[in-house]
Amino acid sequence: MITTVVGSYPKLSPDAGAPSLRAAISRHDAGRITVEELRRVEDDVTREVIQEQIDAGIDLITDGQIRRDDGQTYFARGIKGFTINGLIRYFDTNTYYRHPIPERRLEWQGAIGVGDLEFAVAHSARPVKGVITGPYTLARLSQMGCYRDLRSLVMDLVPILNREALALQQAGAEVVQFDEPAILQHKDDFDLFAEAVEGVTRGVTARTAVYTYFRDVSGIHSRLFQLPVDIIGLDFVAGPANYDLVRDFPPDKMLGFGIVDARNTCLETVEEIASAIGRVSRVVSPDRLHVNPSCGLDFLPRKSARAKLARLVDGVRRAQEVRS
Amino acid sequence: MTRGLLTTAVGSYPKPEYVLRARARVARGEVSPKEMEELEKRATAHWIRIQEELGMDILVDGEMYRGDMVAYFAENWEGFTTSGLVRSYGNRYYRKPVAVGPVGRSRPTTLEWWRYAQSLTPRPVKGMLTGPYTIVDWSFNEYYPTREAFLMEVARAVHDEAVDLAKAGAEYIQIDEPAISTRPEEMEMAARALAVVTRGLEAFTITHVCYGDFAAVFPQLAALPVDMLDLETANSNYNLLDLIRQHSFGKCLSMGVVDVHHHETESVEQVKEGIRKGLEVLSPERLYIDPDCGLKTRTEEESVAKLRVMVAAVREVKEELGIE
Ligand SMILES: [Zn+2]
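Chains as they are written, first to last, in my numbering: chain A, 713 to 1036; chain B, 16 to 339.
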């Protein structure tokens, strides 16, 4: 069993003396520090959250996405043709992101997250995941702009994000993960989604993952499990129906098992986590599990995120003891 | 002559500098709660006077003594604590209420403030409450086994508050539910909770909703157990009025005619145009006029300018159409 995270990690530490990204951004916005000084604070916070994940016992980490305002604009700002519009709600969460608009036909103009990934790899004793907002979700969370239909927007994003995936692999990503929560809101689009996943992973030899969250995968599960990727991530907190659906989980794939609620501070007990692992292990053997929180941890205060990861690791250990 | 087109506001107004400064100092113990209350009263009186001078019909107290619309209730009720900082978007953070025990009031929460505001004016002042669904959705839950259990307990507390306001003489009671359309699958449960709040209430009840895919849930919105729905219509170019045209709608509508997210003030002509669009779908008796949402994010000058244009536009439309 591998312990991992879905991606984001809370940016603000409550600890005295910890570097404050919040203060640094305000100072930068007020013109009191340079962009280089702001980058140094981002570096410090990134090192800090990498260490927190490692200290919690997480095997496969991310950079915590400290430098991302949100998962959409981080990529949209790096793709030629996008402009960024006003705030809009992110799914059913009480958080907001800025709405990307493709004003002109989208074009690749360079790698986006490679510098951040290289930084994380250089500062982590553990392997690092590269996380990309997948083409379907990025299109769905953008306006249509100059595109006449969703398909052409998705299919223009595919080669751009495929180059990004190849660049992350080159930079040392252990796993290249595509976050695709939007497909669960629009299951009728599965054919387009499958075509996009196939295209975006083409030529990637690192292990690949597609992560879904915020709902269950009923209605699309068997087709989802056949996608040409190595790891499929499911949210078992928002989607308890997933326990039944993974009875069809194919033997050649790994399951991203999202069991700790990353949207509520209520701390699961070690027994709850261990028994959830026991339950899913009846159909997916433990050596094929990536155990992680239900979604990114940025919805929680830092202390709670830390406690959740520590608990997740304890739960995994307990489950291993029970088996051995 | 027909009557109608009464003017009102959604709830919050910007706090004057002396209130904002004092709030920060209360947190540091440099200003006593009593002194703080005096400043908040002064600011409330200021806004009541502004609204009277502008000639608005139904006034609000402006919420000088409230921070966040959910946190305000949680801070004053039993059973809640406050979380560490969580991110809303970009560099914006807030503290979220956390239910840690049975939640509810030990004494009336808003009653004294309503009484104070109403003592300053002969015009009706609305009682302003936050709805149960929004309180639950914007809080962490570490106590209740289900969302529904949490929701129904909150609904009972909001109901008690509404009853106190009605008994004290509040003719209008608004229960804000900005989150209510977040999850179509929970609308039925949210409506049941709102029914608990308004059951047997002797007052004209209003609910304000914003941010959402209203088209998907409009029949449910139109059936909410309140007398009037308050919608932000200006910022969607009055497209929401089409929904009223397309569905059976038996309620009154409080129609937003100025966009609260923009600094620029609309012209009287623009607002008149909006009001005329409203009158195409509803009679003046059933149509109330207000800004799209609370004005607390605008400056005082911007807020007053927007309200002045709104009142002037209503006056001109009334004259043109012979409405009293
Ligand atoms: Zn609103």
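Any given hint could be a false lead.
What the hints assert, rightly or not - Below are the DMTMM-like pairs computed for lysine to aspartate or glutamate, each with C-alpha atoms no more than 20 Å apart in a straight line:
#, chain 1, residue 1, chain 2, residue 2
1, A, LYS792, A, ASP861
2, A, LYS965, A, GLU886
3, B, LYS266, B, GLU284
4, B, LYS266, B, GLU186
5, A, LYS1015, B, GLU157
6, A, LYS899, B, GLU284
7, B, LYS311, B, ASP83
8, A, LYS899, B, GLU157
9, B, LYS333, B, GLU284
No wet-lab data here; the hints were simulated from the structure.
Since the model is a prediction, treat every value here as computed from it, not as a measurement.
Checklist entry - For which of the previously enumerated hints does the structure constitute a violation, in increasing order of number? => result Of the numbered hints, 3, 6, 8 do not hold.
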